[in-house]
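Protein chains in written order, with UniProt numbering: chain Y, 1 to 309; chain G, 1 to 309; chain L, 1 to 309; chain C, 1 to 309; chain X, 1 to 309.
None of these hints come from the bench; they were simulated from the model.
Warning: the hint list may mix true and false statements.
Note that the list lumps identical chains together, so a pair holds whenever it fits in one copy or between two copies.
With a straight-line cut-off of 20 Å between C-alpha atoms, the simulated SDA-like cross-links for lysine to any residue are [as the list claims (entries may be wrong)]:
1) Lys160 x Lys300
2) Lys221 x Asn60
3) Lys165 x Arg131
4) Lys160 x His51
5) Lys182 x Met297
6) Lys218 x Thr186
7) Lys260 x Glu227
8) Lys209 x Ala271
9) Lys308 x Asp119
10) Lys22 x Leu132
11) Lys22 x Asn60
12) Lys160 x Gly133
13) Lys218 x Ser110
14) Lys239 x Pro61
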Amino acid sequence: MKATQTVRRILANYEGETPGVKARLCQMLMNGRLGGTGKMVILPVDQGFEHGPARSFAPNPAGYDPHYHYKLAIDAGLNAYAAPLGMLEAGADTFAGQIPTILKANSANSLMSSTASKDQAVTASVDDALRLGCSAIGFTIYPGSDAAFGMFEEIVEMRKEAAAKGLATVIWSYPRGEALDKDGETAIDIAAYAAQIAALVGAHVIKIKLSTDHLSLKEAKAVYKDEEIDIATQAARVKHCMQASFDGRRIVVFSGGAKKGADGIYDDARAIRDGGGNGSIIGRNTFQRPREEALEMLGKIVDIYKGKA
Amino acid sequence: MKATQTVRRILANYEGETPGVKARLCQMLMNGRLGGTGKMVILPVDQGFEHGPARSFAPNPAGYDPHYHYKLAIDAGLNAYAAPLGMLEAGADTFAGQIPTILKANSANSLMSSTASKDQAVTASVDDALRLGCSAIGFTIYPGSDAAFGMFEEIVEMRKEAAAKGLATVIWSYPRGEALDKDGETAIDIAAYAAQIAALVGAHVIKIKLSTDHLSLKEAKAVYKDEEIDIATQAARVKHCMQASFDGRRIVVFSGGAKKGADGIYDDARAIRDGGGNGSIIGRNTFQRPREEALEMLGKIVDIYKGKA
Amino acid sequence: MKATQTVRRILANYEGETPGVKARLCQMLMNGRLGGTGKMVILPVDQGFEHGPARSFAPNPAGYDPHYHYKLAIDAGLNAYAAPLGMLEAGADTFAGQIPTILKANSANSLMSSTASKDQAVTASVDDALRLGCSAIGFTIYPGSDAAFGMFEEIVEMRKEAAAKGLATVIWSYPRGEALDKDGETAIDIAAYAAQIAALVGAHVIKIKLSTDHLSLKEAKAVYKDEEIDIATQAARVKHCMQASFDGRRIVVFSGGAKKGADGIYDDARAIRDGGGNGSIIGRNTFQRPREEALEMLGKIVDIYKGKA
Amino acid sequence: MKATQTVRRILANYEGETPGVKARLCQMLMNGRLGGTGKMVILPVDQGFEHGPARSFAPNPAGYDPHYHYKLAIDAGLNAYAAPLGMLEAGADTFAGQIPTILKANSANSLMSSTASKDQAVTASVDDALRLGCSAIGFTIYPGSDAAFGMFEEIVEMRKEAAAKGLATVIWSYPRGEALDKDGETAIDIAAYAAQIAALVGAHVIKIKLSTDHLSLKEAKAVYKDEEIDIATQAARVKHCMQASFDGRRIVVFSGGAKKGADGIYDDARAIRDGGGNGSIIGRNTFQRPREEALEMLGKIVDIYKGKA
Amino acid sequence: MKATQTVRRILANYEGETPGVKARLCQMLMNGRLGGTGKMVILPVDQGFEHGPARSFAPNPAGYDPHYHYKLAIDAGLNAYAAPLGMLEAGADTFAGQIPTILKANSANSLMSSTASKDQAVTASVDDALRLGCSAIGFTIYPGSDAAFGMFEEIVEMRKEAAAKGLATVIWSYPRGEALDKDGETAIDIAAYAAQIAALVGAHVIKIKLSTDHLSLKEAKAVYKDEEIDIATQAARVKHCMQASFDGRRIVVFSGGAKKGADGIYDDARAIRDGGGNGSIIGRNTFQRPREEALEMLGKIVDIYKGKA
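Just chain Y, same shape as in the assembly:
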């Protein structure tokens, strides 16, 4: 499969990176209905860990079966499917080679006390990802948490190993922690900072949340006002986050958060597209809907990124 010029241009930004990493990024960028456009839609299913099985799968019980999600991602023509160790293992053989997979290598859960909840456990390794035929590892960092330094050190080590073994690294950069209030977690200055940190520690693909026009850090507020940074619309905020991701030299995909109406999801996708983002990573909003409805929604999102909707 020959890579398009758009994809080759994106790959060129990963200067000095191993051919293995570039090959895996290429594989994800060339896969599915958005293959070759430089845009990506990824299905992540780590909610069984984060929120428990019933909250995640009871709304559409077919989702209790790990095979369901492989099939959904394949049939919707997505770029990649991301999940924790057990989920991937349960279908790794049946669906081998049918869709690029991302092994989510650390995980949190809703059973911990608040003291312990600002961190994640490392629940898989680079060798697990190799064994399961994955294209990338996924890793969450919590900028703002007292545990953040430890998480940075974990992913820096793991990324080095992954790159040396030819795997790409996707970093979920989710501001959370002792120093942030609830509004701060989705504030635009924090979101841009989170993207910057992910880029600085070496992410190949950055996953951040869509943000609000709230500003959280005192020192940042002045700068946003003085320099008249446009954060009025979601598209403007996406654009600012792309700036913070080495002026667009890194692939950035956005998540929209909790389950919401279809129109809201489409608006999000259009804002990501218009702001120059690389795509969506969308989980509960698809797999908690009936399969046909989910396929239709994913189809429409793909069309939006293609500029057809």
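Chains G, L, C and X: place on chain Y using the hints.
Then chains G, L, C and X, alone, in the frame of chain Y:
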């Protein structure tokens, strides 16, 4: 020994797993009076560590001798015998090859202050299990404990090593910790979540406790009500836990807790069977009874799983 | 030197253990005046670390010199001599091959604040023991301490290495910690539990203290009463501790604690003998007495174990 | 390129150091407009990590692009460019060989709570520096922080590895922590102490801040008075810091802190020069200005070190 | 150079030690004006780390230059020179082979808060010592500190590596910590205990402070009184500390603490000599004096150990 089709179907769920792991799972599934049925009864004797020797063995002093439990498990025709390092070592040569063994690789005890009691010590290694001819390692995690992340990281590393060396992994997933009250430890939403976590970190066999119809997590309560998840009977709760174990793609065995009357134990076994569970892991209720009584009880439990009682 | 049948029967209990470990156990069991009887008397000199040099050696200043203790153990015809790294090194060449030695591999001291005093430092390694020609390593665990899990993990790793390199492991199992009061540290239920834990983590030789008829754990009290466990005499308590040591499948030696009168020491030895214990580990009560007096005392203890006194 | 006698004299101070380290120091000392003079001007761009992207780059948005800084350092004829992992990776191929680079190997950020802010995360490795063709690693220590011992141990290990692999080590020695108030962080006694510590743990190049004439440590105050140490002018303080850096046997570069007027910057450079310092490390004051203005400023600083301004 | 009989007798106490260690001890014992006498005078210069550069070197500014101290030790005909990594590196080539050096491998400083000040950072490695041609590593332990266990474990590991690589180990055993008051730090019972601990963890050379006749530990007081241990004079206390150092089987050198008058220093040396100690380790009292005065003082101290003053 040719594996039955039932067993081969179960093994097929362990996609991409090493032949060594599958061979060991097969060995346990094909052993004893339930061999080939896909059902299992396991004898665990780690109470000497957990509760001390007198509380565990004084009711039936023959049990002070580690040989007693090997013999009990063999004579009852069980699938496997699980115990800590010292217990297995004390009979490893005499009973070599006569019953699959599971080396319990971490342990707690009743001597610690409450602060320290939400964790376990790693008291054996994968190489110990190989040396002693075991089929699997056993490992307890405490979802809900502040120490849970550390425990997850320990078992993920140990499971990887065990699988690479051809040993299966059994995870005791026991909710416990700072964030859970006493009722929460046996609540059905927590039990299902515990099963899910064990599956996600890569358990080949999951051991959980039978649960009550209590719901513990606020966010979960709404889901169980909205989605009308049936948790009214023990069989229904077992069924829900099997869903949470990758829709039955993982072997799950259930324990019943403290010593109780024989009828209660048989009712438990029937509920596990009717809910689609894979079997029982039953310790004090057998080895604290006189040997003949215990053999009779285990015989009846086996009959229940065979559908004859 | 041909091992006696008694010794061979004891060695047979170490099922699946390396020939190296069995050879070292045999060496200690066959050495000295009790050689071949299955009984042992060991001289431990770690009090310089635990209590400081003056408290340990000023009563008999000859003991400041490490050579003194080697000579005492050799001349008294004991089974083994146990000491920390520096003590053994200071005579390792002069007395090479003249008595089996046990390298005490962790140590506490009386200079720490109470917060830090529930743990020990690892102050020697298995390779140190090999280099110095030792027969075994010695290691203290404090069941009941918040640091106990760490200590268990240390000795489990160290024991594995020692066994692989052909050295036996002696565990000092001394209940101490946040969850125990002063009476609890010597209570019979705790002593038996401590012996059980040492056996479970893989001790070849267990060292515990003689206990009182006090019962400490609430849940244990009921069991001791209900099951009518005999703890009335020291001999009965020794017998119960042997039960807790895999029904006598492990070698157990007992210490008597602080310096006391000679008659008390002889009574202790008789109780250990009558309860089926394997012997005494006796330090301050010998090396703080003048050499001739100490030799006479050790001679009489040996005679007691031979049934002659 | 033949090294000047001045540079060879500096290199001779690194006694017993590997030829690799000396070659890299030589490379930096011989590069750019100050090449061969023994003076250095370095561009550091780690503010995206430390203060976030908008505060760092919004004043001159061209700086969002990592290529901008490579070009600025090259076009200004500087000695070296220092930045974190992601920043260097994003231009490592395009600018390979055009300017010596320093991989900043640990990083802090402004999102942490104050409790966690006295430390940094290790965010890159020596092997990363080798892979990216760097001349040195950079590492921050916080003398005065409770985390300082850990930071010292990290850099001592990393320096050893770097030197063995032929890379130089630059230490940012920034007093900060529980034991220091705001004035203490820039006090001259503390600055000299920080330089001394960096030298003692093995820095090849020391980076400290310009200091005030404040004295912070009680014991130090007396000495400065009794011995009549001259700390009245910035040049005198630079001179004292050079004394504290093994009497000038180590290269020391100074930073001036927050953005300030051009005249202040030139005064700083003259003081460094007159006090015998080796040069400036200057970031925000250049890259936050428009490129032409920054080039002019850097040109003038270079002239100052050449004694022409 | 043929070792004297006195030196050979000292070396014989290091039973079973590697020839490399013995060679290095021999090298230090045979060097300088006291060579062959079994006595040692060592120059330690770690005060730049401990107290900062101005407090250490401003009284005699020539000492800012690391070369100064090498020369002082050489010209005074001392046995060895001890300093941290950077200090040794700065003269390692110029003075190679001219005096045995001891690499101080851990360090504290006066910038830490009191919480953090009961520990030291490991700031050099055994391989650093080999690379720099050192004869020994030096390491401080703080018996009495909550961090002491960690320090013991560090030096036990490091000593093992050093001995295997043919380097001797000098332990600075300085009582300090949560459990000791100011008087306790220099009390004779604590000093003897500190010497004993250093010997037990394997020190080849022990460095302790001269002590007072204060007794600190309650249990020790009784023993000193009951056993009538002579602690009335400094010489008697030195003698007692030699007892505590395996009855003189280990080399012990004493430091006198803060700067004091010349006569006090000479009295100290005579007490050490008369009590049977091996010598002095003396820093500030020499290098803070003008060079000629320091040389004269060191000359007189050497004469004292030779019995000529």
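How would you classify Lys239 and Pro61 at a CA-CA limit of 20 Å: within, between, both, or neither? between (38 Å within a copy, 13 Å between copies)
As a check of your reading, is Lys160 near His51 (CA-CA no more than 20 Å) within one copy, between copies, both or neither? neither (30 Å within a copy, 25 Å between copies)
How would you label the pair Lys218, Ser110 (within, between, both, or neither) given a Cα cut-off of 20 Å? This pair counts as between: shortest inter-copy Cα distance 11 Å, intra-copy 31 Å.
Pop the pair Lys221 and Asn60 into one bin, within, between, both or neither, using alpha-carbon distances up to 20 Å. between (43 Å within a copy, 17 Å between copies)
When no copy is named, should Lys160 and Gly133 be tagged within, between, both, or neither for a Cα gap of at most 20 Å? Classified as both: same-chain Cα gap 18 Å, cross-chain 16 Å, threshold 20 Å.
Since the copies are identical, ignore which copy is meant and state whether Lys260 and Glu227 lie within 20 Å (CA to CA) inside a copy, between copies, both or neither. Between copies only: 18 Å across, 34 Å inside.
At most 20 Å between alpha carbons: which applies to Lys182 and Met297, within, between, both or neither? Neither. Shortest intra-copy (29 Å) and inter-copy (43 Å) distances fail the 20 Å Cα cut-off.
Same-copy or cross-copy closeness of Lys209 to Ala271 [CA-CA at most 20 Å]: within (13 Å within a copy, 44 Å between copies)
Checking Lys218 and Thr186: alpha-carbon separation at most 20 Å within a copy, between copies, both or neither? Within one copy, since 15 Å is at most 20 Å while 24 Å is not.
Intra/inter-copy verdict for Lys308 and Asp119 if alpha-carbon distance must be at most 20 Å: Neither, since 40 Å and 49 Å both go past 20 Å.
When no copy is named, should Lys160 and Lys300 be tagged within, between, both, or neither for a Cα gap of at most 20 Å? Neither: 37 Å inside a copy, 40 Å across copies.
Could you figure out if Lys165 and Arg131 sit no more than 20 Å apart (CA to CA) within one copy, between two copies, both or neither? Classified as both: same-chain Cα gap 11 Å, cross-chain 14 Å, threshold 20 Å.
Violated hints, listed in ascending order, are 1, 4, 5, 9 and 11; each of the other numbered hints is respected by the structure.
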